[in-house]
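Protein chains: 2
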Amino acid sequence: MKKSILILFLLSCFSSVLIAQQKQLTIKDAVIGQWQDLYPSYIKQLKWRDKTDFYTFTENNNLVQSGVSSSKSDTLIYLNDINNVLHNNTIDSIINFPSYTWKDKNSIQFSYKNHFLVYNVTSKKFDINISYDKKAENVDVCDETFNIAYTIDNNLYIVDKTSKISTVTNDEDKDFVNGQIASRNEFGIYKGTFWSPKGNYLAFYRKDNHDVKNFPLIDITKREAEVENTKYPMAGMSSEHISLGVYNVATGKILFIEGEDTTSEKYLTNISWGPNEKYIYIAVLNREQNHMKLNKYDIATGKLVKTLFEEKSDKYVEPQHTLTFLKTKPNEFLYQTRKDGYNHIYIYNTAGKLIEKLTKGDYEVTDILGFDLNETNLFYVSTQQSPIERHVYKVNIKTGKVIKLTKKTGTHNCKLNKNGKYLIDTYSNTKIPRVYNIITNKGEIVKNLLTSDNPLKDYTLGEMEIGTIKAADGKTNIYYRLIKPVNFDPNKKYPAIIYVYGGPHAQLINNRWLGNARMWQYYMAQKGYVMLTVDNRGSANRGLEFENVIFRQCGVNEMADQMKGIDFLKSLGYVDMNRIGVHGWSYGGFMTTSLITNYPDIFKVAVAGGPVIDWKYYEVMYGERYMDKPDENPEGYKNASLIDKAKDLKGKLLIIQGGIDKTVVFQNSLSFIRECVKNNIPVDYFIYPRAKHNVRGYDRIHLMDKVSNYFDDYLK
Amino acid sequence: MKKSILILFLLSCFSSVLIAQQKQLTIKDAVIGQWQDLYPSYIKQLKWRDKTDFYTFTENNNLVQSGVSSSKSDTLIYLNDINNVLHNNTIDSIINFPSYTWKDKNSIQFSYKNHFLVYNVTSKKFDINISYDKKAENVDVCDETFNIAYTIDNNLYIVDKTSKISTVTNDEDKDFVNGQIASRNEFGIYKGTFWSPKGNYLAFYRKDNHDVKNFPLIDITKREAEVENTKYPMAGMSSEHISLGVYNVATGKILFIEGEDTTSEKYLTNISWGPNEKYIYIAVLNREQNHMKLNKYDIATGKLVKTLFEEKSDKYVEPQHTLTFLKTKPNEFLYQTRKDGYNHIYIYNTAGKLIEKLTKGDYEVTDILGFDLNETNLFYVSTQQSPIERHVYKVNIKTGKVIKLTKKTGTHNCKLNKNGKYLIDTYSNTKIPRVYNIITNKGEIVKNLLTSDNPLKDYTLGEMEIGTIKAADGKTNIYYRLIKPVNFDPNKKYPAIIYVYGGPHAQLINNRWLGNARMWQYYMAQKGYVMLTVDNRGSANRGLEFENVIFRQCGVNEMADQMKGIDFLKSLGYVDMNRIGVHGWSYGGFMTTSLITNYPDIFKVAVAGGPVIDWKYYEVMYGERYMDKPDENPEGYKNASLIDKAKDLKGKLLIIQGGIDKTVVFQNSLSFIRECVKNNIPVDYFIYPRAKHNVRGYDRIHLMDKVSNYFDDYLK
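Chains as they are written, first to last, in our numbering: chain A, 1 to 716; chain B, 1 to 716.
Calculated directly from the structure, the hints in this document are not laboratory data.
For clarity, every value in this text was computed on a predicted model and none was experimentally measured.
One or more hints might be untrue.
Pairs count within a copy or across copies, as identical chains cannot be separated in the list.
Unchecked claim - With a Cα cut of at most 30 Å, we get these calculated DSBU-like pairs of lysine-lysine:
id : residue 1 : residue 2
1  : Lys23     : Lys647
2  : Lys716    : Lys527
3  : Lys493    : Lys401
4  : Lys28     : Lys678
5  : Lys647    : Lys716
6  : Lys296    : Lys360
Bound conformation, chain A alone (with noise of 0.2 Å):
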């Protein structure tokens, strides 16, 4: 107590001094700050230019190049250039270079507004330049042709390069929807057409929404407020019937894959185009999610060819990766699936034969790079090294000999250019923030392009440690993260927040810089919080079997994993633990709702953001994958439902909800709060009004200066 006012009275001695020395996170640089001036120096759009060893990137709004070789750089595009062209078009200037890709050595295209533009460098015109309908939405260019699909409102359009507009669909009923993603971007889906590989034909997705109910979520920007209806179709209810047109662009003419679908419920995902436009590909999901058949489709008929293979599971099959079509051989392609327990990439023949299993082990792969010339080498990035780490490496295809390209510690983002000889390799741990480098196919650097200093070297941040406890099986590593206050003393007691989100596809730990926590973590670390986050079991990157302890029952593994947590800190001593706090958003908000209503002694203070309430309320296909339909399984449902627990609530919570939520929607928030009035159980909430599932952009500010205050006010 004495060495405590000591300490204290040091400081206020050496006060000017230390602020000098040791600047204060405030509450907008824990928020924005880490993404604007507390970011790591990056190099803008940096990309290899197509087929050589040069790449550009932009620096004061033009572009510019230099290469593996090169010890300078040169501008190769002025946007004045650019927009002299424009001009010319009577189009209006660009301010920021665009966001542009190589198409191929000589030009680059990008969109701008309602245009598509292929810029020539060397003649510096545009080769292309194709105006589409200001109501254009989900535009999707063909590489071969340059036609142009996209939808307004739920029909799909085409533009050609000279200005002729096709329809594709004309549906007066707005309950089908044409060419817009599927099954709420579910299942790898983020799109909703798929040119065929020469453009001669276009694939859409076609849903019939007539048997799916509308959630009603208001519009208040009008004087007298307006209802906006999203299609949302919850766990157990009737969903939308999806079908897969083809387009034949020469004839205009469409032929569904086995014809137009108005009454099943199944998922059609990751279309594939066979190379020579023939065949499609299509996983075919059952809706109970636990039975996929990879499905080759004739073009010609509309006709299923062949099952090439299928998976089941008596939990759930997710496919989430397209194939892709060998070069070499075209009858062969790649295809990832964690059939095996962790992601790996397989090769099968289009005959549904697997040729080969490209990785294994008890590691997934998390991402595919491309070939080498001859498709000799396969680069992909994976968690072999370490869960938390991404490490890029390349196997042979022949021999199946791996070779690790990157070397030092942390996570590795790669750019691999196309004649596969070099790769631009940019990389983070918790002490570096961040490098590029470029590095050659044997992973050997031959060029830095850059070291960022330090944005936080004028802060005095809290230690920071990243580490392994054992899950509640008694057997299983899971990952923890924990930032200590700033002057830190291990003779005083801190008060301690969990910041968890507990769901599948997330991890919140990883060896990159700042370990992977949001800088809020470290501003409350700064006001003396002890920052604790566990990546439970049904998080990302480890594997099937660890994410699946969720399956049926949402919250029972993750809580009980996140209590290992509480035990954790309880361990380190210098712990309050009569002042534990939780935060979480989305399923961090359920497992924060979750964690006060089931440990009401143990948490003190909590914030829930977004938080599902009853899976019920949850749509269709996050939903039933993991807890099946609510009629299946009714005691799944009940337990992880927190209607009947907002009466078992001591401690302090606040729910907030994004007021035009179409992702949890605001009925779980306030039949919470509706249950906790009934009860007389006092609770907080609030509302951004426009905001959607997250809080973004400035207003992000206020929510976490709410986040924070609210601890404070309660918990310090």
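Fit chain B to the known structure of chain A by using the hints.
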């Protein structure tokens, strides 16, 4: 300072003794207890037996009778007897004695579920037993014929004694609404059907809502939330078109007064039948609400016979009282208006000639109780004694002589018996919880029925005083009510909370039990707050000029007067002026939010419930009366709007909203929150998901606990 420590010491020494003597109000006491255990004892359903000097009331669920000259009470009707007859009619038992009225000397009438019943005291049988549709709403029984008018959905029906149902209207289009309240209960409109004196006609409102926009409210109790639309015309917007239909019971024909109206937006208020059923009188008010015509219409033709008189104002005219025709002179009627500055009673004849101004002076008539036999004297209630008291007077119609009948200071509420000889006088004042006396029509007390004990005698309440201060105009006396903290010590500094309403049609301070304060204010005084309420200019029962200072500038003068309350608090010397809070609901929520944003250095903590944030979001009738249309008064709307003021907020503000509030729609509060977020201003918010404009029942304990905790957390 030392003194207060001594007191604390003494208090702690004697605390066990004190606890025995002094009970503490709980939050439940403060919210529900005021109307239950802590309510002064009362006589249930006390009524004069028709045309007699006997009175009846319910006791142990039976009907008991006593008389002016009786010293004892007798059970007149056993509920069992009624239930026995009910069973003969296969109707379920009544649990609590029904809400009855004396139909005549020997029979009571009441409704039970979907039955209308007249029970004969002598025969112990039902003289009348009519069942109506279980879905019936707006049930209106004709006293003469026992025909029962009712609505189902948007249509109007009549059922007669023989159970024959007549369909009065048959609109499939739900935008036509028949037989329901028009103009959202403004202008004294509290029902939509009007039986003629002999029951040959039924007048009814017909609303054409085609031009009125819907406000969407959300029902979260369904599995997938559903929209409940409510017709909500906002100030300046298209409003409902109101017609008055007259249904001829004999012919089944409907005739519309001046034809059916589908275009204009005038108000048809205070529908009054002439005694002979030949004419109907309507106070027709233009949409601008500054020109009223009292019109007499011929029932045979629906045409205007004559405009009896008109009232105009450069501010507003607000007709609120139907005509009461004299029995002895059927061509004369009582009429109430504030045209001379205060609400007074006038006698006009049906030619529109003013016969007599019955009451006059700088006070308001607040109620008419009725005549004695032969209509010699009219009994009424007024504020003549004091604006915060209510006394009963009688005025001789011929001589104009006024006699005050109630003597005791305070608030009297009287029931006159039919022969005009006696009144039951119920009163209370700040010292007397409740007394029931029978007095003669000369004011002599002839019998005491009940003198209630003080239900709070075991509690120590903060000392309450009522007084006046000068309004901001420097001349008007306005009333305040101050409640000091329990165990008040003038040498201490206390935080203070202003409880405010401030809008028209309400008066918070009266010389009645508890000073008319909600018990929550005593609860807060018990916690150590000084509680102040000021009835600013704009509030009720002080005359037209006092009220209409708010015209076109809601909030301006009301705030100026509340700030005089702040000066008053300062003058007391024992209020910590750095700890001033404010709380109010509805107009009081508007005032609360106005005060903390306009005087951010005065008010540190505020809780605003269901606040109007911008009058453009409020409804046509009330909104335009006080503020005109937005395009007629842009400055007034802008000044009153709190959206622009959000950025000025410095203190802690909690806004509370009913999730299905149809009165002050949630767009108000959410717009303010949105603006706070945009400006990065901390603010708090809470929704009672299933509450309308007020949070009622047991949920209100949760509400007031939340309000109290907010002050405890940030002001105490």
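Hints, verified against the model:
1. Lys23 / Lys647: between (44 Å within a copy, 28 Å between copies)
2. Lys716 / Lys527: both (9 Å within a copy, 24 Å between copies)
3. Lys493 / Lys401: This pair counts as neither: shortest intra-copy Cα distance 53 Å, inter-copy 82 Å.
4. Lys28 / Lys678: between (38 Å within a copy, 14 Å between copies)
5. Lys647 / Lys716: Both, since 25 Å and 28 Å are each at most 30 Å.
6. Lys296 / Lys360: Result: close within a single copy only, 26 Å intra versus 95 Å inter.
Against the hints set out earlier in the document, a violation occurs for number 3 only.
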